[in-house]
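Q: Each chain, written out:
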Amino acid sequence: MRKAGWIVQRAARVAYAFVMMNLCAVQGLLAVVLRRKVWR
Amino acid sequence: MLELVFWAAAAFVVYVYVGYPALLMVWAKLRPLPPARRGDASAPPISIILAARNEAATLPARLDNLLRVRYDGLRQIIVVSDGSTDNTLDVLKPYRAVVDVVAVPAGGKALALNAGVAAAAHDVLVFADARQTFDTDALVELTAPLADPSVGAVSGELVLDCEHAERRAASRRRITAMALNADRRAVADRRQLHVSTIGEGIGLYWKYEKALRRLESATGSTLGATGAIYAMRRELWRQLPPGTILDDVLVPMRCVMAGWRVVFNDRARACDRAAEDAAAEARRKSRTLAGNWQILGLEPALLLPWRNPVWLQYVSHKVGRLLVPFMLITLLVVNTMVAGRSLVYAAALAAQGVLYLLAAYGAWLDAKDQRVKRQHRKRPGALELTHA
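Residue numbers (my numbering), protein chains in the order written: chain A, 307 to 346; chain B, 2 to 389.
Hints were generated in silico from the structure; no laboratory data involved. Among the hints, a few may not be true.
In silico DSS-like pairs for lysine-lysine, Cα to Cα no more than 30 Å straight-line [as the list claims (entries may be wrong)]:
id	chain 1	residue 1	chain 2	residue 2
1	B	Lys-94	B	Lys-208
2	A	Lys-309	B	Lys-30
3	B	Lys-369	B	Lys-208
4	B	Lys-94	B	Lys-211
5	B	Lys-30	B	Lys-211
6	A	Lys-309	B	Lys-211
7	B	Lys-208	A	Lys-309
8	A	Lys-309	B	Lys-369
Only chain B is shown next, with the shape it has when bound in the complex (with noise of 0.2 Å):
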């Protein structure tokens, strides 16, 4: 008995790593939905949506970035003030002319949205967070998926700065040239600061999780959008519960539930940064798998296979990574426990082992990074390099 949850937790958690992204991969070879048909060059008066609170500091670049962003169709840019306290409004108050401004009683992002929504002009739909920028082309490319009658909403890419290539590639010249003149110790500890644990650990998951999107999007829809950028027909907006954690997934599987596609659209970028530190992607991570959580009690019928277009892959995806912790407390547990009966559980158990000790690694690595990096805080002149 004993073996067999073993054999059973091990097998959830394989499928859900690397079982389902092979599933699609051939899913998405075998029967691929035709990729959405391209607009006809007419741009859709859209409305774009976003909420801020308490981001007077980020504001002004936002709105620039968004006014410069080519688009050929109208654009009504809407900035929801989610009960700011310091001075968002008064920011706004230079783009009076080119921005309307909502401002509501601080009640989350979810209530804000849809105060943004009810005060939208146009039938389309873009929503935009206050700290990242859009692509030149962003805006082109997050609408023209919508030319396809099917196409409920499109999901754009947001583009981690960990994952960067050129950004990463630049920072290592600076540093190798650096190294000519500078003292060898202090410049690896300088590249420690670039290639930071955490950093890296995103980049790399996010780079999956992106590709996973792209399959979805392959053989039907996505399971969600990227809450920085994602557009959507006005017809399909529901108001959203308050406290809704993440409208990005909720937005879009209610689109696909009531029967609309969902795309991405890797064409169509937003730019970010990585979470500095371990803890900051901590309460980023613990937040959307939170939202995961959530969304389970706000629309139950995702978990019915007869009401949820992409069950399969609702149930792969979301509700499998949010399951495969508890698979993995089994597993070790159990593995314990059978670990005498053959070489197989033995070995088995010796690489949980060197996972956990690799973790534990990974967790030094990024303890050491976040102590140079205050060290250079500390230290006048040094976080030039940091940011270059």
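Same shape as in the complex, but just chain A (with noise of 0.2 Å):
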């Protein structure tokens, strides 16, 4: 049962980091459009 716990955090804290990525590189994509630095 501790196990199954630990592999779900797990899969959650990758999930999260992907999202994340994802919508980093739409941030990304709107600061060169808009030439504002968003990561200040």
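Both chains come to you apart, so use the hints to assemble them.
A: Pasting the structure below:
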């Protein structure tokens, strides 16, 4: 049971990193188009 | 028609993250480019260029590290202060005998690097950042592949603390020992600080990214370098346009387009810490991906297969990553529209739902990590564990 929980948490972390990276790609495009630094 | 769009978008995403690495693995196996020849022990004179803005706190340790790193050849160290308003120039005073200091008005990293290269005395340029540290053999390993006349630039490997197995193991051992005489809940909270949500995600992603670089290097050239540690022949340097976000992609890609190889040497190592939280990592990632969009404007020829010798790799890796989010949106929208048509589409929609639910759970875990971290900051003595 603990192992299953660990696997779900790990999968959640990877999924979060993946989704966040894709959101950042959209944000990066907006930054270049709008000439704004969104990363400060 | 909708079904076709669904399958095309799905195939695109799968190709970028799974198909392309698999293709590279096969490619590297069937048609590997011979590894860059090792140097003949003679170390070429190098100019190490470090652009810094308001890095007074980190520079002394950084310079001590650069001076300590083993290297038999001549080394010139150039620190470009990019309009620093702290006491960066003051902390550099004790190093004046061994470090060349160039002070320029604040104009961004690209202009600072241009100024640094202008001050370089040697034919091999090494680029470094203020925050990281080099391993003892980093300079030897970084310059060795340049003995191969086809290699124009070499990228080292950035090792993040969150992927450092030894450190993690040491942390775990320490925490386990503490568990013997500390209350269990407090230890569990502290453990949470070490294996932070975002740290683990970044660690995995960075390992995947480096595996790709290794494969790309083995099949020809990597598509960029690690900004914190890369070297190149000075003759290949071209002035960076002001406002360039990713010098470490633009510079190596210019080398590749000029017909040179850019290789990855994972024995040349720099160490850095991972972003502390999701917000910091998001800023870093946004900057990187904005830089990749910007490069398409600065060097549009990268998209032309007859101009870019690594076109397939570039489109599959760099451009693919930029387009994936739009494909994911397409997938979700179209999948919702066709979900009722067959079990396959219903299952695909369910899988997408699971992915986004997991991501939401991951975001919640990260927020929890941050809460715990904040609580420990408020409690005196708690942080000695987190930085052990």
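Q: Look at each hint and say if it fits the structure.
A: How the hints compare with the structure:
no., hint, verdict
1, B/Lys-94 / B/Lys-208, "39 Å, violated"
2, A/Lys-309 / B/Lys-30, "36 Å, violated"
3, B/Lys-369 / B/Lys-208, "25 Å, holds"
4, B/Lys-94 / B/Lys-211, "38 Å, violated"
5, B/Lys-30 / B/Lys-211, "18 Å, holds"
6, A/Lys-309 / B/Lys-211, "28 Å, holds"
7, B/Lys-208 / A/Lys-309, "23 Å, holds"
8, A/Lys-309 / B/Lys-369, "20 Å, holds"
When held up to the earlier numbered hints, the structure conflicts with 1, 2, 4 and fits the remainder.
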